[in-house]
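S.K.: Residues per chain, in single letters:
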Amino acid sequence: MIEAVLQTLLNGAASGGVYALVALGYTLIFSVLGVINFAQGALFSLGGYLTYLLLGGKIGVNGALPGLALPVGLPFWLALLLAALGSGLIGLAVERIAFAPLRRRNAEPLLSLITSLGAGVVLVNLLQMLMGAEGYAFPQGAAVVANLPESLLIGGARIRTIQVLLLLISAVAVAALSLWLERSRSGKAMRAVAEDATTATLLGIDSEAIVRLAFLFSGMLAGLGGGLIGMSVSLAGPYFGISYGLKGLAVLVLGGLGSVPGAIVGGLVMGLAEALIPAAASGWRDALAFAILFAVLVLRPSGLLGRRQLEKV
Amino acid sequence: MIDNGLLVQMILGALLGLSVYLPMAAGQLSLATPAFYAVGGTLAALLATQGSPQASISLGAVFGEMLLAAALTAGLALLVGLPVLRLRGIYLAIATIALVEIVRVAILNLPFTGGATGIFGIPQPFQQPFGYVLLSGGLLALCGWLCQRLEASRLGRSMAAIRDDELASRCMGIQTTRVKLTAFVASAVVAGITGVIAAHYLNTWNARQGSFDVAITTLAFVILGGSRSWLGPVVGGLLLTALPELLRPVGDLRLVLFGLVILLGPVFFPQGLITPALLERIGRWKP
Amino acid sequence: MLRSGGLNPTDPLSARRRGTTRLAAALAAGLALLAILGRSSDPAARAVPSGAPLSLGAALALTGNANLYGQDQRMGIALAGRWFEAKPHPRAVQLQLEDGASDEPSAISAFNLLIRRGVVALIGPTLSQQAFAADPIAQRQGVPVVAPSNTAKGIPQIGSFISRVSAQSSVIAPLSIDEALRRAPNTQRVAVFFAQDDAYSTAETAIFQKVLAARGLKPVSVQRTQLADNDFQNPITAALQQRPQLVVISAQAVDGGNLIRQLRELGYRGQIVVGNGLNTPNIYPICQRWCDGVLIAQAYSPELNTPINRTFRRLFAEANNGRIPGQIAAQAWTAYQVLFEAVQRLQARGGLAGVTLGEARRELMQELLAGHYDTPLGPIHFRPDGEVVQGRFYVAQVRMDASGRSGRFTLVRELELGEGKP
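Protein chains in written order, with my numbering: chain A, 2 to 314; chain B, 9 to 295; chain C, 275 to 696.
Don't read these hints as lab results, they were simulated from the structure. Where a beta carbon is used, it is the ideal one built from N, C-alpha and C, also for glycine. Some hints could be false.
Covered stretches of chain B, as calculated for chain A (at least 3 residues, CB under 8 Å) [said to hold, decoys possible]:
no., region
1, 101-107
2, 114-120
3, 272-285
Isolated chain A (complex conformation):
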């Protein structure tokens, strides 16, 4: 009995960690710009594929350049970091193309929702054209954890070692981000811009630079998440990022838009809720996330830990 509960908690934590990572990416951008970056899911996929390529993986027969591979594969940590950086840079590019022009024209914020959606679609389909739709497993796969057992037994509940690693790395990333926001100068500057952009600018903070930083970091988070997922479950075509992206939206709203602790709590809650669904109803699992999203929006739009958005007339 205890085993079953523990197993559920473990399952929930494992998937919740990734959801929190995705939601954090959204949160960063929402807090400084007030818009949702719909390209987040695509950056997730991108991170996965970049990690694969940097590990020395070959492009498969259905891709644009079959057989192409880096001459040497990088060690896992380096590949993950560089892939995250790559995603961050592409995230920056998305900001330049999809968000900045609209901001300059003072267009409605909704329009950037649409353009970022377009950016996401373009990215994912370019990935599809480049890499093909086949599945890729990381060449070193569990080599990272080669010395460790394939799964761990924790109090009678089993969890794959890779999942634990995933959870640990996510936790480190989230902690690092929170620490940065709390302590560092630029982190505090970002919180200032999130609070009130105009005042922040008046106080001498370069809001544009902060916005770009937000996109860079959120892209890096997405890339990191994608690489970790790829390590854990292999890459099943570029669309996997989109479904994480959509779920991430649900977590974002659940936790409260713009709240960093909300994203973390929301992620864990969502993971747990999904783990609690009985086997017979597992088909409804996807609907659960969206039903929660819907309910939260209708009943308590500010989410679990968000602030009430007051509209000034």
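Position chains B and C relative to chain A; hints supplied.
M.R.: Chains B and C alone, transformed into the frame defined by chain A:
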């Protein structure tokens, strides 16, 4: 070139574009069209395959299905719209995306909707695609005429006012909730009836017909065609549905093209193809 | 005054309204023109010229998420085309290929396009789901269809012109279960996984479960997954709590591969039986060394030692860097072969002299159903309703090489079945 089969798909695309346009004309970004499209199609598929399998069905029966679909989607839209339309901007968009996913999973999991296989062997009211061209074309003409009349009507001008500034409109005495709800219900009904036609045309229907992808493509119709006039989504729908077929060799590029349209459209062509200025010029043109 | 939108006929609002009306009228006229122009004259009434090559149309999933299968099929058909063209034959045949993508509307478009171009028969579509949408159209127009990879129930029953060379899953699936039970006769506890949003997997698991019931085994756990899933921690831990000795999986290559890998990583040591969706080398990169030992029933084995299969293997290896062909490519070759041979037989006995295209199609269908064919799948023929009758089936086990990068389906049992009972 463009055979009647493709023409039918183009017209259906135009209709879905109109469905996305209607809430937008009242300032609401609603991506719920695929949900109502799926509901309409599923209803038609279920009704048409009751009893023993048959190859053909009378046009009257199809009209009956359309009426029922209209009623069902209108009811759903009312039910869902009341809580959802209180939301603004991004929140509304996200809520409608959630709705699409919930409906899709529901259709996938409900025991009587055929699960993953869906429902097939849907009987045909016409032997040739030309019949579908007439049916869908007639529906498009009717919707177009109604939209044209809407623009000049009180309701239409209220919608335009809300689009410009919702708060000010409310101050002026416009019943914003009612107007927005009307637009939402109208959008749902158009999508539902289109679903009925599509289900018969495609012979088969399953949960994947109403997915998030459809929301993206129909949004592209409106962005490309222009969101300032009802002709915009019609033109956008016709063009963007025809394009992948005309560019058959291009294949995978189709979705990249859609993505580019949605990405660059608002940046470079904020008003789409059919701009108010263009309509004015056409209106003033003396041969 | 207000109704027409302004006081002055040339003010912007009424100009816009007029513009809209004019543009709408122009659009309507354009659409009407397209509608009339698009009313294709049905080529079925045209006579078939005696010298000209006959067209075979193929609508395959070259794009979209089923494109892995479609690419294999294109390869199989291309190889068959080259091989059969090289030998002397009474009637020239040419192939027209169209992309049916992975959704129903595209398959319908592809079929329509090919039919209008005057093909004498169709090969495809790739997915069973697409077949339910597109086959009725071919049936209505009287065009023979040979499906290379549709294995769902009810496909040949769509109509008299619909046939397939891909044996129904209900025939194949029980074989692997029996093999597993033969190896471990004391098996009592079975867990079943299936991708519930995949039409094929849902149908296949019903068959697996029926077979299990017939052997007196009731599953201790039935887990539903989604095609897009890649993390199966939840369903696996739930199933493993019941301590199963045999796991049966109905899914596709990527999700199924992940399921196998995670099952093994989480400590499952019993036997694994998989369905036709995993019948492809595409699982190797996903489950790597964990794929080893998986049992699968197949309608094709590359190890079948007949001349036609040896030829097929050789040609496939030459075109693909020494790779071993899979079932999908073999069935595609077979689909082309049966049509090609039927055309030649028809021509040889004069059935194609002075007929219209519509009549040629009808004659071809009858000739197709009447023939016996020696194919890479083994000897096959057709039932009157278009269902394939295949005498020989295979059970294979996946054997991965030392690096875990690649492997093969090793034949463990060859079975002769009676006249293909479903």
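S.K.: Does each hint fit the structure? Answer for all of them.
M.R.: Hint check results:
{"no.": "1", "hint": "101-107", "in the structure": "holds (count 6)"}
{"no.": "2", "hint": "114-120", "in the structure": "holds (count 3)"}
{"no.": "3", "hint": "272-285", "in the structure": "holds (count 5)"}
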